[in-house]
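Participant: Each chain is listed here by its residues.
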Amino acid sequence: MVTNTTDISRIRSVVSGVCDPEIPVLTIEDLGILRDIRFEKEKLVVEITPTFTGCPAMRTIADEIADVLRSEGFTDFDVRLVYSPAWTTDWISESGKLKLKEYGIAPPARSTEQHLAALLSGVRELVHCPFCNSANTRLTSPFGSTACKALHYCDNCHQPFEEFKCH
Amino acid sequence: MNEKEALVEYCLRIGDTSLISGQRMSEWCGHAPILEEDIALTNIALDLIGQARMLYGYAAQVEGKSRTEDDLAYFRDARQYRNVLLAELPNGDFAMTVARQFLLSVYSYHLYTQLCASSDKQLAAFAAKSIKEVAYHVRHFNDWVLRLGDGTQESHQRLQEAVNELWNFVDDLFMADEVDQMMEKAKIGADHNALRAVWETTVLKTLADAKITVPAVNNFMRSGSRAGNHTEYLGYVLAEMQSLPRSYPDAKW
Chain C
12 MVTNTTDISR
22 IRSVVSGVCD
32 PEIPVLTIED
42 LGILRDIRFE
52 KEKLVVEITP
62 TFTGCPAMRT
72 IADEIADVLR
82 SEGFTDFDVR
92 LVYSPAWTTD
102 WISESGKLKL
112 KEYGIAPPAR
122 STEQHLAALL
132 SGVRELVHCP
142 FCNSANTRLT
152 SPFGSTACKA
162 LHYCDNCHQP
172 FEEFKCH
Chain X
320 MNEKEALVEY
330 CLRIGDTSLI
340 SGQRMSEWCG
350 HAPILEEDIA
360 LTNIALDLIG
370 QARMLYGYAA
380 QVEGKSRTED
390 DLAYFRDARQ
400 YRNVLLAELP
410 NGDFAMTVAR
420 QFLLSVYSYH
430 LYTQLCASSD
440 KQLAAFAAKS
450 IKEVAYHVRH
460 FNDWVLRLGD
470 GTQESHQRLQ
480 EAVNELWNFV
490 DDLFMADEVD
500 QMMEKAKIGA
510 DHNALRAVWE
520 TTVLKTLADA
530 KITVPAVNNF
540 MRSGSRAGNH
550 TEYLGYVLAE
560 MQSLPRSYPD
570 AKW
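Sequence order for the protein chains is C and X. With our numbering applied, the first sequence covers 12 to 178. With our numbering applied, the second sequence covers 320 to 572.
Simulated from the structure, these hints should not be mistaken for lab results. One or more of the hints may lead you astray.
In silico lysine-lysine, DSBU-like type, Cα no more than 30 Å apart, as pairs [to be verified]:
| hint | chain 1 | residue 1 | chain 2 | residue 2 |
| --- | --- | --- | --- | --- |
| 1 | C | Lys52 | X | Lys384 |
| 2 | X | Lys524 | C | Lys54 |
| 3 | X | Lys524 | C | Lys52 |
A few chain C residues facing chain X, derived, Cβ under 10 Å [what the hints assert, rightly or not]:
| hint | residue |
| --- | --- |
| 4 | Thr64 |
| 5 | Cys66 |
| 6 | Ser82 |
| 7 | Ala97 |
| 8 | Thr151 |
| 9 | Pro153 |
Keep in mind it's a predicted model, so treat the numbers as computed, not measured. The beta-carbon is built from N, C-alpha and C at its ideal position, and this holds for glycine as well.
All chains should be modelled from the sequences, with the hints used to inform the complete structure.
Facilitator: In structure tokens:
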């Protein structure tokens with residue numbers, strides 16, 4: 012097998028199109044969880060990093076990457092989970108954040124560094140409603156339908172909505 | 320015991336505490352006082368079980384005896400489990416669960432803060448990943464401690480009774496044995512004295528704000544988790560958690 016950069020960029024272009032099963036508008040590239048694609052001798056290695064340690068979507072994503080690679084004719088490959096450096100919502104691309112908002116999920120507002128300190132000092136972040144942009148919102152639950160989301164309510168347009176938590 | 324064996328044991332202790340805590344949290348599924356809380360507690364369970372999986376995977380890899388994370392979770396008995404005693408105590412009422420998880424998540428938060436600087440790269444990566452999740456747990460249970468402790472007479476009384484009972488298990492969190500000392504010396508593990516000091520500062524501040532008092536220190540303190548001496552409750556947790564793979568060892572899921 013030829014292991015040149017053209018090969019890697021072709022693989023990247025197909026693998027990066029795999030979508031998150033829970034938030035299908037986002038690709039794994041938008042999410043920033045696709046960490047590396049390389050050849051180790053003949054073996055193709057794709058590294059992804061989990062968003063949350065217990066996120067059940069990781070298994071599905073790894074399976075889908077394997078399917079894509081098989082359909083591209085690869086047989087000798089390995090999809091690996093790497094934990095370091097730890098994933099952060101800062102790695103979600105700008106277009107990813109826009110897609111989230113259009114999908115009705117408020118994108119993470121702060122950078123993670125500021126956020127960890129804020130979490131423990133009791134400061135509440137200002138979350139804008141993804142539907143009407145109002146900041147007149149309140150947190151109804153810091154935990155939502157998936158590990159990465161919190162529940163909010165907009166007091167302006169009276170719409171409940173989800174927020175992708177800073178992480 | 321060599322350093323490798325100590326590292327395996329060290330990872331199992333943290334992993335077991337996460338798993339048993341996660342199993343206790345999952346018992347709330349469908350039973351929490353409000354829907355949002357049901358979702359919160361089960362989300363926290365998911366985080367904790369995810370953290371346990373990372374540590375089991377790493378412990379198994381370091382051990383090199385081809386045990387898997389499932390072997391570690393499902394095919395060890397109570398005497399082989401190394402979780403802190405606090406984690407296995409029954410959920411009791413909601414105040415009891417809140418108090419227990421508050422004490423535990425503050426413990427994990429400060430432990431992981433130290434482990435972020437571990438000389439073991441894998442353990443440091445685990446800590447850096449997990450601390451972000453645990454920060455949410457700390458905030459959640461911190462909020463509930465304040466709300467219940469400084470709430471109605473009933474909620475205050477229930478939380479106070481929970482703290483009175485759980486306080487007997489605080490020493491067990493910080494008992495350092497040979498493994499802890501080896502890990503601390505190798506700069507892999509945490510400094511237990513420093514951990515206790517920072518844990519107490521955080522916990523006592525919130526409890527004071529919540530108008531909850533801490534029992535006198537001459538109370539009878541239980542310990543023994545590091546040698547696998549558990550309370551009678553752990554056996555029941557394992558019986559439920561392990562029943563399927565033990566009955567059907569070839570089951571796949």
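Participant: The structure should be examined with respect to each hint, and the outcome stated for every one.
Facilitator: Hint check results:
Between the alpha carbons of Lys52/C and Lys384/X the distance comes to roughly 27 Å, so the proposed pair stays at or under 30 Å and holds. Distance restraint check for Lys524/X and Lys54/C: the Cα-Cα separation of roughly 54 Å exceeds the 30 Å cut-off, and the hinted pair is therefore not satisfied. Between the alpha carbons of Lys524/X and Lys52/C the distance comes to roughly 56 Å, so the proposed pair goes past 30 Å and is violated. At a threshold of 10 Å, the smallest CB-CB gap from Thr64/C to chain X is about 3 Å, leaving the interface hint in force.
Interface hint status for Cys66/C: upheld, as the beta-carbon distance to the closest one in chain X is roughly 7 Å, under 10 Å. The interface hint given for Ser82/C is violated, since its Cβ lies 25 Å from the closest Cβ of chain X, which is over the 10 Å cut-off. For Ala97/C, the interface hint holds, since its Cβ comes within 10 Å of a Cβ in chain X; the closest pair sits about 4 Å apart. For Thr151/C, the interface hint holds, since its Cβ comes within 10 Å of a Cβ in chain X; the closest pair sits about 6 Å apart.
The interface hint given for Pro153/C holds, since its Cβ lies 6 Å from the closest Cβ of chain X, which is under the 10 Å cut-off.
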